[in-house]
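Enquirer: Listed below are the residues making up each chain.
Number of protein chains: 2
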Amino acid sequence: MNEKMKKLGSHRSAIRELFEYGKRRKAEIGAENVFDFSIGNPSVPAPEAVKNELIRLLESTDPVALHGYTSAQGDPGVRAAIAEYLNRTYGAGVDANLIYLTAGAAAALTCSLTALLNPGDEVVLPAPFFPEYRVFVERTGAKVVPVACDPATFQPDYAALEAAITAKTRVLLLNSPNNPTGAVIPEPGVQKIAQILSAKQKQFGAPIYLISDEPYRELVWGNAAVPYLTRYYDNTLVCYSFSKSLSLPGERIGYVLVSPKAENAGDVYAAVCGAGRALGFVCAPALFQFLVPKCLGLTADFSVYKKNRELLTTGLRKCGFTVVEPDGAFYLFVKSPEPDANAFAERAKQAELLLVPSDSFGCPGYVRVSYCVSTRQIERSLPAFEKLAKSYGL
Amino acid sequence: MNEKMKKLGSHRSAIRELFEYGKRRKAEIGAENVFDFSIGNPSVPAPEAVKNELIRLLESTDPVALHGYTSAQGDPGVRAAIAEYLNRTYGAGVDANLIYLTAGAAAALTCSLTALLNPGDEVVLPAPFFPEYRVFVERTGAKVVPVACDPATFQPDYAALEAAITAKTRVLLLNSPNNPTGAVIPEPGVQKIAQILSAKQKQFGAPIYLISDEPYRELVWGNAAVPYLTRYYDNTLVCYSFSKSLSLPGERIGYVLVSPKAENAGDVYAAVCGAGRALGFVCAPALFQFLVPKCLGLTADFSVYKKNRELLTTGLRKCGFTVVEPDGAFYLFVKSPEPDANAFAERAKQAELLLVPSDSFGCPGYVRVSYCVSTRQIERSLPAFEKLAKSYGL
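Protein chains in written order, with numbering that gives the first Met the number 0: chain V, 0 to 393; chain H, 0 to 393.
Bound-form chain V, shown alone (with noise of 0.2 Å):
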């Protein structure tokens, strides 16, 4: 047996630990008396035309079409149609045939470090982070270097994000917006990292390639916007999922895309089919490849994330919780008002509140409130924060 699978499988991600036992929790004291924070799943229904495409495929299509094996890579109509989207509505310069779909965000991404990295290899990411891309990078031998944000915005610290480039760095992860911090990184923000990966590849003679992961891409608040970043960095591969933003999360629909510009492109595809073909993934479900045409640039209805985000960011502020104020996602990053966040979890769970201290995430101290969740569940949640904080003096 392989003794890292059954510690992965034994010990679930602190996320899924805390879902399940809010699951087992709900069930005994009834869903409505549990605050469970615990998992990105989206609470908005997805878009009625969702349903209504996925009726109309099943009754005009003929079955054999609609459900057979599409190529190792997707249809080829569904990938031009992404391509065309990504191009008109951000200018992005990307290319169908350099379009993969994939079962979602995950899959895009271990698709991506298995094609690019080799035991020993090194990937920066900034912390913190989703614990799951720890799992990711190490199954495939290489190792991952974080390097933290500045507390105060959460932004990359672009001086250490310089110092921790080494000869072996073959990745720099971004995921903006965060998970779990909300956090978006700004133009000039994605400008200094394309400039900081640009030179330290030519000082150490070897592509170094950029992985965006963003399945929050649609989810800003305010005046945020996501840069597109194949526009400022040519060794880019860009993660996507519907996951989020068609709140389809468990049908597994996402891509992962090579930009025309990055060096040996297509060696980067081909390697990144190859893995995909490795992994077992043979095609992304073809029902919802079908599905992706008439739904590009459509999302759910995000207004209840905005109304969440403001109602626990100013009751949490109010109870006397730390919070940076996120530009995207729906995640609340908190700072634990005792070090130990595991300890404050703990706290919280017996007010009913579950929240994911932040140790996994790479960043110790904090909790992620996702509040992906029913503005009643926020609203009914607020007096048990209140406890909570009085508990500590706050």
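Calculated from the structure, these hints are not laboratory results. Hints may contain errors.
The list treats identical chains as one, so a pair stands whether inside a single copy or across any two.
What the hints assert, rightly or not - List time: in silico DSBU-like cross-link candidates among lysine-lysine, alpha-carbon distance up to 35 Å:
#1 Lys3 - Lys142
#2 Lys3 - Lys191
#3 Lys6 - Lys167
#4 Lys22 - Lys260
Fit chain H to the supplied structure of chain V, relying on the hints for placement.
Expert: Chain H in isolation, oriented as in the chain V frame:
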């Protein structure tokens, strides 16, 4: 970049290569003029019940629940339904808590192999075998040990199997009904394998797992029966897919189950879950998970395959080709009239017959003919086969 992945992506499998050639060729001379026997893409539609149930689910279920993340192992109700079905139908003695839903059989295999194997381990594989097995095994760092079947029957050569098992053997991977030969291992053969493995486990003092890959379980002809392997050998994992039974290969829905009688079954299951996590699967596609309970025991209409099998077996024999009559699946494994099957497949291509040479199946000198096509294609192709045979003086 990872050169192995680049190679896997640049050099497609012989099957996929021919499939893609077929698509181009059909565009050139018309689909009806290319006799494409390359791929196991079911030609019969999914049962009407699939469409009806999908539409019912879409129309009657809360989209947040229908399309949301399930537990990583899969929805508990779906897993319970599968266990109940297998126990009722086959006396399989399986447990819902040891079933892990996957994105098809390929994912079931990569999760199982990643769970069980460490670099240097050996996987014994009766040859011929589905070429992707080699890709899946070698990605874990383990080694494939092919053992040639009896060419008169394509049944395992039991003495050779026994001799191939060493202290390094962790897995015997069986595939019955077999791709590419269609052979089904009958009960006495299964009993023989169980005896061999039990003795070898004792001899080497370590578990040897039997992985049964059975996407063709329901595709059997005549009186052939497919024994359920958990009944014969304790250290068994079963990989299953609904791709062929329900004609849904593009949708990626299947499962792996660990026999409750396996040594450390809970740990093996945990390792499977850990592998699914590390490879980026998250959960099997949700809508198709929920489809499963209503479709257990259903199949697409296989009468076309049955008819094709008869027409093709008779037709090819009449031309002078050597064919072992298959008991299951939808493949015919035909002896090449010249030693080099690649040269034979090339000559066939000139007659617009797309046949997969068998080298990558670990058994040179044959071609695989996938007869999951329209009966009309079989009928129209027979003169081309006849001409081909004549060109060899058969």
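Enquirer: Next step is simple, just say for each hint if it's right about the structure.
Expert: Hint check results:
1. In this homomeric assembly, Lys3 and Lys142 come within 35 Å of each other (Cα to Cα) both inside a single copy, at 15 Å, and across copies, at 19 Å.
2. Only between protomers do Lys3 and Lys191 lie at most 35 Å apart by alpha-carbon distance; the minimum there is 33 Å, versus 37 Å within a single protomer.
3. In this assembly of identical chains, the alpha carbons of Lys6 and Lys167 lie at most 35 Å apart whether taken from the same copy (27 Å) or from different copies (22 Å).
4. Taking CA atoms no more than 35 Å apart as the test, Lys22 paired with Lys260 passes between copies only; the shortest distance there is 29 Å, against 46 Å inside one copy.
Consistency with the previously given hints is maintained throughout, with no hint failing.
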